[in-house]
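Enquirer: Generate the whole structure from the sequences, applying the supplied hints.
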Amino acid sequence: MSIKQKLKSVFFRFEIATGLDTLFAGLSSNAFFRKFIPPPRYYGQHIVRNISDEGARFSIHPADYMQWTLLAKESDHALEAALLAIQPFNEQLCVLDIGANCGQFSIRLASRLKAGNTIANIHAFEPNPKVVESFQKNLSLNPALSSSISLHQKGVGDKPGMLEISVPVRNSGAGSLAYNFNNEPHENFQVDIVTVDEFIKSKQIDKVHFMKIDVETFEPLVLQGAAETIARFRPAIYLEFINDPIPAFGLPQDFIYKFLTERQYAIHLETGNGFKQIGSFNDIADLKYCNLLALQPDQRA
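Numbering (this note's numbering), first residue to last: 1 to 301.
Note that these hints are calculated values from the structure, not bench results. Careful, some of the hints might be misleading.
[As the list claims (entries may be wrong)] Quick list of in silico lysine-lysine cross-link-like pairs, PhoX-like style, CA-CA up to 20 Å:
1. Lys203 with Lys154
2. Lys154 with Lys130
3. Lys137 with Lys159
4. Lys159 with Lys203
5. Lys35 with Lys8
6. Lys276 with Lys258
7. Lys137 with Lys154
8. Lys201 with Lys159
9. Lys201 with Lys154
10. Lys35 with Lys6
11. Lys276 with Lys288
12. Lys73 with Lys35
13. Lys258 with Lys288
Expert: This is the structure in structure tokens:
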């Protein structure tokens, strides 16, 4: 380790011990000291930080990468996509947050919509019991938003049942129903799986405006289990695309693209500076992973 790296390590540990990291996190996005927020590996599992973002409050464990992104205020492209796709807010909105983690998307979206006097019904699905506890804690910190968000401790797939989820200890956002993490510290949980279609029917939901799907390669199965809902309501869909043949599922790499375009969706690639419509699967075939926004002709990007 170089002297520079040693000094940086000492400073990071000093920040954490004194709470300076929380102070830096509260600065404006272009503030000089924001770049000195310690990476997740410097935090112990027991450390908790209380922060505010998008008018909402969060209690987070920054040792977990996904929760650390709240501390670092990294851009939430799913939130940006939702606000873009569902404007104007002229009716009561129904949103499905599939792979909700500790509530980053659901709570911030509810806060933004409430500020715009829009009534929202957000159904958040998260199977990881430990992360569900964090979500529940964050909901309790935002009582004014609790009526807008329903948290369901369930995974989502193509058929109901029970599956095992594997979750890296330091990155709950990478928890997967498709892969294991035997080469690093991880935990496994048996989780209940539902389909979007059966959930919508059981709750007698009569409209879905937006779906966010971030489930670490399980996206194709979520879509298969949501086919009726998508055909009926034509919601805008934001999802992660991981360029993997997914041999365990017997599905081709272009499954997501074909599934959506066959249903008259236009596919937009998240570029880091907005969304760009793509014309064929070849436009994303060489990307390791990316985020996509699927819109119907009457929806805008």
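Enquirer: Look at each hint and say if it fits the structure.
Expert: Okay, the hints, checked on the actual structure:
1. Lys203 with Lys154: Roughly 15 Å separates the two Cα atoms, so the pair holds.
2. Lys154 with Lys130: The hint holds at about 13 Å.
3. Lys137 with Lys159: Violated, at about 30 Å.
4. Lys159 with Lys203: Given pair Lys159, Lys203 holds - Cα atoms ~17 Å apart, limit 20 Å.
5. Lys35 with Lys8: holds, 12 Å
6. Lys276 with Lys258: Distance of about 18 Å is within 20 Å: holds.
7. Lys137 with Lys154: This hinted pair holds, its Cα atoms lying about 18 Å apart.
8. Lys201 with Lys159: Roughly 14 Å between the alpha carbons, so the hint for Lys201 and Lys159 holds.
9. Lys201 with Lys154: holds, 16 Å
10. Lys35 with Lys6: The given pair, whose Cα atoms are some 17 Å apart, holds under the 20 Å limit.
11. Lys276 with Lys288: holds, 17 Å
12. Lys73 with Lys35: Distance of about 11 Å is within 20 Å: holds.
13. Lys258 with Lys288: holds, 18 Å
In terms of the numbered hints stated before, the structure departs from hint 3 and from no other.
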